[in-house]
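S.K.: Could you slot chain X onto chain W? The hints should help.
There are 2 protein chains.
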Amino acid sequence: MERPLHEDVEPLGFLLGTWRGHGKGSYPTIDSFEYDEEITFSHVGKPFLAYSQRTTHPVKGFPMHAETGYWRGVGDGRIEIVLVHPTGIAEIQEGTVRGTTIDVVTTSVSRTSTAKEVNALERTFSLDGDVLRYEVRMGAVGLPVTPHLAAELRRVDPA
Amino acid sequence: MERPLHEDVEPLGFLLGTWRGHGKGSYPTIDSFEYDEEITFSHVGKPFLAYSQRTTHPVKGFPMHAETGYWRGVGDGRIEIVLVHPTGIAEIQEGTVRGTTIDVVTTSVSRTSTAKEVNALERTFSLDGDVLRYEVRMGAVGLPVTPHLAAELRRVDPA
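Chains as they are written, first to last, in the numbering used here: chain W, 1 to 159; chain X, 1 to 159.
Just chain W, same shape as in the assembly:
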């Protein structure tokens, strides 16, 4: 059953649907890499969007990264994100929604016993025309917050 978008997440409504595109990653401790990506935002009428993301190798097609979580509209242009990585990382992010630009920074990163050390992630999402761009900056394995990922996606399926 289709339910109306909750008013608390109306500022995030521009994200709804499925997006596909391409990204590039780098970090001082690893080789640079590229990836294809699909992101989906959906809702059930409650004050959050469900978020999931998968990346695959652009040539060989095998799965690379994935994330899943929830984006919460909490009023006053504020957003809270809770998401997890299959590498054993849980992130809490908080920040702002201004028009179609979202800026969030880590307020908490927690890890399983066997996960790598990740301390901070900053994410910027912005919709420009029909192109959704994001950047992720990461502080991990003893390094300060450093550019890590950048991607551009286009909506392939409305919500």
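Honestly, I wouldn't trust all of these hints.
You can't tell identical chains apart in this list, so a pair holds if it fits in one copy or across any two.
Stated by the list, open to error - Here are the simulated DMTMM-like pairs of lysine to aspartate or glutamate, each with C-alpha atoms no more than 20 Å apart in a straight line: (1) K24 <-> E152; (2) K116 <-> E94; (3) K60 <-> E2; (4) K46 <-> D36; (5) K116 <-> D8; (6) K60 <-> E34.
If you're looking for bench data, these hints aren't it; they were derived computationally from the structure.
Values in this document were obtained by computation on a predicted structure and should not be read as measured data.
M.R.: Frame of chain W, contents of chain X only:
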């Protein structure tokens, strides 16, 4: 493309597929409630299962709770779970897989600024014949770990 199950999650292979059933919830601070539930476990050939769960009102059908995350097989009968709730809660759970029984306890709960105080969650999953049962015990809003949820589900769709 179908990929073989990663050997590190073979002990969790009995969970793969989609499960549906019914559960009951209670907590000292709230009215008791019942719910219908669907849980899905899937894999992409990497050493984790993707987990998602949704509950709905058993009579009126509206969405109630949801969770999403990853279950990591890390060898020696150990499991690590990272999962998030749309209420702004991120859980790290660690524990054991013995046959078809999984016991995990919280090693970390993190919360967004507006989330309710939840400090501990203990979960037991066990497959008995074709019935998957789980119990969740929770410590929240100042209370010690207390029974919270119990449900029984049956597999409706293999992996």
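S.K.: Does each hint hold? Answer for all of them.
M.R.: Evaluation of the provided hints:
no. : hint         : verdict
1   : K24 <-> E152 : within (9 Å within a copy, 44 Å between copies)
2   : K116 <-> E94 : between (22 Å within a copy, 16 Å between copies)
3   : K60 <-> E2   : between (37 Å within a copy, 14 Å between copies)
4   : K46 <-> D36  : between (30 Å within a copy, 18 Å between copies)
5   : K116 <-> D8  : between (35 Å within a copy, 18 Å between copies)
6   : K60 <-> E34  : within (12 Å within a copy, 46 Å between copies)
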